[in-house]
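K.L.:
Dock chain L against the given chain D, drawing on the hints supplied.
So the protein sequences, as listed, match chains D and L.
Residue 489 in the working numbering sits at position 94 of the first sequence, with consecutive numbering throughout.
Residue 32 in the working numbering sits at position 29 of the second sequence, with consecutive numbering throughout.
Hints in this document: simulated from the structure, not taken from any laboratory.
C-beta atoms are modelled at their ideal positions from N, C-alpha and C, and glycine is treated no differently.
Hints may contain errors.
[Stated by the list, open to error] Straight-line alpha carbon distances no greater than 30 Å define the calculated DSBU-like cross-link-like pairs of lysine-lysine that follow: (1) 192/L x 503/D; (2) 91/L x 463/D; (3) 503/D x 551/D; (4) 549/D x 503/D; (5) 192/L x 551/D; (6) 551/D x 463/D; (7) 549/D x 463/D; (8) 91/L x 192/L; (9) 192/L x 286/L; (10) 596/D x 549/D; (11) 503/D x 463/D; (12) 91/L x 286/L; (13) 549/D x 192/L; (14) 286/L x 463/D; (15) 551/D x 596/D.
[Claimed, not checked] Just a few of them, taken from the derived set where beta-carbon distance is under 10 Å, the chain L residues facing chain D: (16) 171; (17) 189; (18) 226.
[Stated by the list, open to error] A few chain L residues that don't get close to chain D, going by computed Cβ distances all over 12 Å: (19) 64; (20) 119; (21) 185; (22) 201; (23) 259; (24) 284.
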Amino acid sequence: MSRMLRVSNMTAGYGTLPVLRGVDLEVTTGEVVAVLGTNGAGKSTLLRCLAGLLPFSGEAAFLDLTIKGSAPHVIARRGFIQVPEARHIFPDLTVLENLLVGGTALPKRSDRLRVLDDVFALFPILAQRRSQQAGTMSGGQQQMLAIGRALMGKPKLLALDEPSLGLAPLIVLELYEALRRLIDTGLTVLLVEQDVSVALKIANRACILEGGRVVLQGSAAELRNSPHVREQYFGA
Amino acid sequence: MPSADLLLQAVVSGILAGGVYSLVAVSLALVFGVMRVLNFAHGDLLMIAMYGVVVLNREFGLSPYVAALVILPLMGLLGMLLFQFLIKPVLGSSPLTQAQLTIGLSFVIQSLLLIVFGADLLNTNTSFGDLSYHFHGVVIGVPQLIGFVVSLLVCGLLSAFLTMTEIGHRIRATSQDPTMAWLCGVDIKRTQLMVFAGCIAILAIPAGCLMTFSYVTPSTGIRLSLLSLLVVVLGGLGDLRGAFVGGLIIGLVESLAAALLNNPASPSLTYLVFGAALLFRPKGLFGRGSNA
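So here's chain L without its partners, still in its complex pose:
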């Protein structure tokens, strides 16, 4: 049995990582809510942003945070192009068709990055990568803490945007009843384009945060895609609050599993929790999502 200190450490690390997962999952959930397309390449798009951060850091010496801000509009542009040429044609078609398309996109991204960057682990050079606080035997890495705080902040801003602005109301209306929103005069095609572009642009932020304390390889994307899909289904498809809490839970479970089991089977615990959630809360944590 691991010591209490180790458990506490696992809880803290898990919640810190979970905050970043939450932001990734919230953007995925918003995409699903507004266009009813489950994007299996979400983590791969995040990975593109992570490679972008690496390139800017290595070539121009930019801090990952600054690099993220540079990449953000580029990711938005990428999102627009993907929506116009890949997502829009499959809107309203069967979920299987949509899944095939986005899973295919995931493989294309993975292969392209493998060709360009090779299979090596890549990370960034920062002056603060090893800084940490020690607090009653628990180590809190500064980059992890910043990543957590920034992710929470962005989630909060996104939530404020959706609830306090008229554009936000229109986005939520489109997600609840697209036909009715259309009849109200909302240009839903344009709304979908902007939401998709915005959600892909936002990925630059977790990418910058992750690259301060983690590494990236061409297979990082598929891991993150799976993870964020897990979170979104756990939270209830399309439920942003559920995705937020789901991110924290998955981060926590992942970290606790590693600490408790400490063997190669430990990642399976995440899937066990996920399976249990599907069994007992098929409409998500708050019961407000679409059926998984």
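Pulled out of the complex, with its shape left as it was, chain D reads as follows:
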């Protein structure tokens, strides 16, 4: 198993307000790693730093690419693609156009069209709605579109920020089923979630972020049984 992402001693914030205070994280190929924590723990800030959107101190490398100083499109084209919180689909573009924009990370048009078929196979609803204006779809469909769009770039590492946020429980279930199928194809995933129980079902490993620090990490089973997690996140 080779290392895909390594973050060491990452510190970042907005202005003088520090949000991340020395985060260490590793993701190896084929793994599903969950980053858990409450609102404001620094989860989204971590992803923004990894996407090249926010400067940070410390080190972060994706494969052989140094993330620090790399522009977001360079990181995406190398194969580290994110589905940001709140989906951010392009509302006035059609479903198909959204997906094609996601394919920008692939240089060859023939590759993009091949991946498009895979995405349509994974989310048949997107194929049915291909000509619909994306902004008029339901929240769950938009989340599938956002994931499909990220998959269009054929990611080696897919980062998902709160994919279940604001969705009905049934839709969350459906979404995680699709994710499960993706992971079974060997996709490496970095999953940021507030919903600890649903995340631990799908992750191999997880770390808990609190106040900008990793306070706990281990296998999903270890975390499920940890007294700290039970107390803080399951209320038991």
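P.N.:
Then chain L, alone, in the frame of chain D:
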């Protein structure tokens, strides 16, 4: 009260002029959409192209249309330089800073052209400048008609490019959510550069059309800048379809105002309509633009 014939004439002339305004405004709206910079010097850049057409026409005897095609790549190059050295540094800064910069650019262009060409009215020599069709008492100038048709055609091509090509999708994605487009792998800085250069290059076309039936002085630019800003705000900031329809409306209002009022106050009607639009449709004709 003016006669029905006069009104009809005003409507036809207004729509023909409006088509050219539409093209100018659509390119301004696209620039705003993709880089969130309102370019107050857009009409002045159009004026540079108009002077270019005059020079090529007078020195080399080129028809304004041919001259426009020669100037088009040069305008693109000018657009690239302006983006790199003026626009890029102010991307994301406050609207006031951006406005100061582009208004300053407008004055610089106006002064430079005044130094080089003087304040005289300049026009072109063409063999077809006075040709016109007479149709039920309405006179349709051939140059105006060509300008209208060409402008519509270019707007149509631009729209097809934006909706039917992958580069077009990326441009629209960048305009809707630049950060997300960036995360998708779109090189947004390069997209912005190409869009700015392309939109400035396109100005050569209305410049060629306008110079077949109009004249240019160093103050033409500021008039056209104001006019196109009016159109873009009327249409809804960043809404291309709104800018297109807005161009036709402003052309129509301008022409009708001149026919109905027929006095020096008539241009004020355009601003009255504009004010009313701001009051009742602050997000543009179709309600899809940014807040004005």
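K.L.:
Run the structure past the numbered hints and jot down the numbers of the failing ones, going up.
P.N.:
Hints 14, 18 and 21 not satisfied by this model.
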